[in-house]
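Trainee: One letter stands for each residue in the lines below.
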Amino acid sequence: QVQLQQSGTELVKPASSVKISCKASGYTFTSNYMHWIRQQPGNGLEWIGWIYPGNGNTKYNQKFDGKATLTADKSSSTAYMQLSSLTSEDSAVYFCASRGFAYWGQGTLVTVSS
Amino acid sequence: DIQMTQSPSFLSASVGDRVTINCKASQNINKYLNWYQQKLGEAPKRLIYNTNNLQTGIPSRFSGSGSGTDYTLTISSLQPEDFATYFCLQHNSLYTFGAGTKLELK
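Taken in sequence, the protein lines are chains A and B. If you read the first sequence in the working numbering, its first letter stands for residue 1, the second for the next number, and so on. If you read the second sequence in the working numbering, its first letter stands for residue 1001, the second for the next number, and so on.
Please keep in mind that the hints were generated in silico from the structure rather than gathered at the bench. Don't be surprised by glycine CBs; every beta carbon is placed ideally from N, CA and C. Some hints here could point you the wrong way.
[Unchecked claim] Restraint ranges, calculated between C-beta atoms of paired labels, are given here:
1) A:Thr9 / B:Lys1106: 31 to 39 Å
2) A:Val2 / B:Ser1093: 39 to 47 Å
3) A:Ser75 / B:Ser1012: 47 to 55 Å
4) A:Ser31 / B:Ile1058: 20 to 28 Å
5) B:Glu1042 / A:Gly56: 44 to 52 Å
6) A:Ser75 / B:Lys1106: 49 to 57 Å
7) B:Arg1061 / A:Gln5: 29 to 37 Å
8) A:Ser75 / B:Asp1017: 46 to 54 Å
9) A:Thr9 / B:Asp1070: 34 to 42 Å
10) B:Ser1012 / A:Lys19: 39 to 47 Å
Let the sequences and hints guide you as you build the complete structure.
Mentor: Okay, here's the thing in structure tokens:
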């Protein structure tokens, strides 16, 4: 069955970076877009961007251009999102999702605090 | 960018009730509209894709309809496990989520 397994909770300091992973199984990783989504406490969901692991192409929501960098490792069927120059505004749960947003990871909580 | 206006934000209902949740797009989204259910601390679960297609394994009391800019999720007879937050996603032009509807037990 399709599974997206994300890395664990992160507590990071302001101005630092963090890299979250999403390991895919149960489907062809290279043939499906991997999306990343942010959910802030009490707020709705925002699409951050997608990566197509087959060729590494990416597309970002303008709001997250320069904040998020998406990469993928075909050998391990793992997608990554790096968030840089972190502030308290970046504290949120981050999800990966694939296959037309049919399948989602369990979410990774990122807390930015000194 | 396409904006999605979801209503109501909160909905109080009883087991057995029929409820509807609406999403209005700022422009025609050609039926590229999905509906999701999310429970606290969990990932969203897709219920409906492309307006009216029921995801495998989802009970038939969930249905979707709409066209153009206006879309509706209907739950025909609420069950205890249906109390959750629901939101829509348009995927016609990039991706925009509705703000969510919290469905609570009356």
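Trainee: For every hint, state whether the structure bears it out.
Mentor: Hints, one by one, checked against the model:
In this structure the supplied range 31 to 39 Å holds for A:Thr9 paired with B:Lys1106, their Cβ-Cβ distance being about 35 Å. Range check, A:Val2 to B:Ser1093: Cβ separation about 26 Å, and the 39 to 47 Å hint is violated. At about 51 Å, the CB distance of A:Ser75 to B:Ser1012 agrees with the hint of 47 to 55 Å. A C-beta distance of roughly 25 Å is found between A:Ser31 and B:Ile1058, which places it inside the suggested range of 20 to 28 Å.
For B:Glu1042 and A:Gly56, the Cβ-Cβ distance of about 31 Å falls outside the hinted range of 44 to 52 Å, so the restraint is violated. A beta carbon spacing of about 52 Å between A:Ser75 and B:Lys1106 agrees with the range 49 to 57 Å that was offered as a hint. For the pair B:Arg1061 and A:Gln5, the supplied restraint of 29 to 37 Å holds, since their beta-carbon distance comes to about 31 Å. Taking the beta carbon of each, A:Ser75 and B:Asp1017 are about 51 Å apart, inside 46 to 54 Å as hinted.
For the hinted restraint 34 to 42 Å between A:Thr9 and B:Asp1070, the CB-CB distance of approximately 39 Å keeps it satisfied. At roughly 42 Å, the beta-carbon separation of B:Ser1012 and A:Lys19 lies within the given 39 to 47 Å, and the hint holds.
Consistency note: the structure conflicts with the earlier hints numbered 2 and 5.
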